[in-house]
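Engineer: Okay, here's what each chain looks like letter by letter:
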Amino acid sequence: MASSFRTRAKLEKNYFGYIFIAPFFITYFIFQLVPLIDTFRFAMTDAVAWYLSPNQETSFMGLKNFKDVLTDTNFRQAFGNTPLMWIMGFIPQIALALLLASWFTNEKIRVKGQGFFKVIFYMPNIMTATTIGMLFFTFINRNGFIHNFCVSIGYIEDARYPITSPTFGRSVIAFINFWMWYGQTMIVLIAGIMGINPSFFEAASIDGASGWQTFWRITMPLVRPIMTYSLVTSLIGGFQMFDVPNMFATGNNNAAFSKQVTTIVMYIKKVAYTGSMSVSSACAASIFLFLVTGLCSLVLFWLMSDRAEAKAIRMEKKRAKEAALLEGGDL
Amino acid sequence: MANYGQAGESMKGGYHARIIATKIIVYIVCIALTIIAILPFVIMVFSATKSRFEINSSYLDWAPKITNTLVVSLLPSGHFIENAKYLLFSKALSLPFGRGFINSAIIAIGATALSVYFSALTAYGFAVYRFKLNKPLYAFIMAIQMVPTQVTVISFVEMMYKWHLTNNFLPFILPAIAAPSTVFFLRQYMSSALSVEMVEAGRIDGAGEFGIFNRLVLPILKPGMATMAIFAMVTNWNSYLIPSLLLDKLDMSTVPMLVAKLSGNKYSTEYGAIYFGLTLTAAPLIIFYLLLSKYIIAGVALGGVKE
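Going down the list, the protein sequences come from chains A and B. Each residue of the first sequence is one higher than the last, beginning at 1 in the working numbering. Each residue of the second sequence is one higher than the last, beginning at 1 in the working numbering.
The reader is advised that the hints may include incorrect statements.
[Stated by the list, open to error] Which chain B residues stay away from chain A? Per the calculated CB distances, all over 10 Å, these: (1) Ala17; (2) Val26; (3) Ala37; (4) Pro40; (5) Ala92; (6) Gly98; (7) Leu121; (8) Asn168; (9) Ser191; (10) Arg215; (11) Leu216; (12) Leu262; (13) Ile296; (14) Ala301; (15) Gly303.
[Said to hold, decoys possible] Covered stretches of chain B, going by a simulated chain A footprint (3 or more residues, C-beta under 8 Å): (16) 76-82; (17) 106-113; (18) 126-132; (19) 241-255.
What the hints contain is simulated information worked out from the structure, not anything from laboratory work. Computed from a predicted model, the values in this text were never measured in an experiment. Using N, Cα and C, we set each Cβ at its ideal position, and we do this for glycine too.
Chain A extracted, bound-state conformation:
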């Protein structure tokens, strides 16, 4: 009798779940899902910016915009620049982060002042990317710190002109990405290594494994899921790169230089809000960005998840935990 009363009370309360999650889904629908659908819709019309022509009549264009974007040399350029600048920054970023993480978690080295180093290495990440972009742009501009240094070592002959080499510009942008993000990756990897069962390391040390062997045979395989996570989030972020290269391109009066540091998002913004303000072409380019990030994430997940058993065990644990919680939540 009592238990059946409790069951009924439980059922009556559970519709509150929908009330509690409703604001999230309503907001998501209006501000993210509708624009996502609009992106696909606009991409197949000849829409221009509302700013240029409000309440315009648009006509259906099929896949024409996609073809136009793919044959646009500026799009191809941007589509090449973006992953190039990302990978140039990401390789040193993950390598250094791994090295530091393995040092900081090494019981034998016992690095002092770790807290201080973590705080300092992470600091650039918190700063406004626009400020960082402008700062480094001023450094490479005439009379800037990097510019003057390049003059003093003879990299540029005439100090009156800014450096216009695109390789140089891309390298500086890649460096900024590296500099802003290796601290973050390091902290994430340290957390991952600390999460490894210490008995693995003890066993390795009893078996006489060297630091190098322990790192490659135990640490690396076990932090692999976290590395996948860092890789995928960094890749998605890399494809969305905008603030820093934007400062390099707008501050510069050299068209060739600007073109070589243009990213996909910069291209999208430019197509939509300058010249003929073709929002439809910009949306077609946005869809390519959407597809390419999705595809890369899938491939990376697939490539790096060969530890199927480990993953299965983890999933099982997670499921058990969530099931337990749901049971518990069921008052």
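Please arrange chain B on chain A, whose structure you already have, making use of the hints.
Structural biologist: Using the frame of chain A, we list chain B on its own:
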């Protein structure tokens, strides 16, 4: 026996030497990285104290050629106030940084408050109630975390134009109600911080469902919500792309938008003023970071372990 002891000793000696050598390398690398992390900001602050002329034509005869640039960059001068006047009050160059800070604060605080409160509400809804669509809807939130926001930027901006919400802060504040990664984090946080008995006790005491959430659950979630609030604050404060497309009145500009204006042609030779502007916008964040660094580092570590 003696031999064995000796061999052990010498092995131990070599082992210690190796550890010490590694330690030296570790500290050299860490100190070098510390310098690399700080140097750009130090140069920025020192350059903000210099006049245009000093930045244009400084060369020291006594410093070796290669290190000359660095030495010059690290010498302070006395034109800080002058640069400040240039950038904040002069007719030709001034930018409304005071307004910018207020605007950025309105957006950052508004968006943070909404995202943290409603994410907690959403996470609680998933954690405590058993309804039919619980699992599929939660899976949906996990999936949309991966959709890059920049993909919908253009359509979002077009929609705001259509609704006449340009030069308005609402487009940056309201969407914060739906923050998938914050929901995910707080849902995880609840599984360790929240006990179901407590919710049940609240019900027995006759509290309503919203009352239980607001008065019993929110105080317990405070540490987790604070972590998310710090990151939401920084992200919204630093946001540039969408504000630059929807705000075109100078008085409504956010701080990153004003920084971007420093790359305009009229500042092309006003290096002192540029460095002052950059220092002005970087300083509050550096202070904010140093005050909260403990929580921020812990938050980064926590956020990264999620899958």
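Engineer: For every hint, state whether the structure bears it out.
Structural biologist: Hint check results:
1. Ala17: Since the minimum Cβ distance to chain A is about 13 Å, Ala17 of chain B lies beyond 10 Å and the statement holds.
2. Val26: The assertion about Val26 of chain B is violated, with a minimum of 5 Å to chain A.
3. Ala37: It is violated; Ala37 of chain B is separated from chain A by about 5 Å at its closest Cβ, not greater than 10 Å.
4. Pro40: Violated, because the least Cβ-Cβ distance between Pro40 of chain B and chain A comes to about 6 Å, which does not exceed 10 Å.
5. Ala92: It holds; Ala92 of chain B is separated from chain A by about 19 Å at its closest Cβ, greater than 10 Å.
6. Gly98: 17 Å, holds
7. Leu121: 5 Å, violated
8. Asn168: 14 Å, holds
9. Ser191: 5 Å, violated
10. Arg215: 15 Å, holds
11. Leu216: 14 Å, holds
12. Leu262: 6 Å, violated
13. Ile296: The assertion about Ile296 of chain B is violated, with a minimum of 7 Å to chain A.
14. Ala301: 4 Å, violated
15. Gly303: 8 Å, violated
16. 76-82: With 0 residues close enough to chain A, the hint is violated.
17. 106-113: violated (count 0)
18. 126-132: That given contact holds, which follows from 6 residues of the stretch 126-132 of chain B lying within Cβ reach (below 8 Å) of chain A.
19. 241-255: Three-residue rule met by the stretch 241-255 of chain B, so holds; n is 3.
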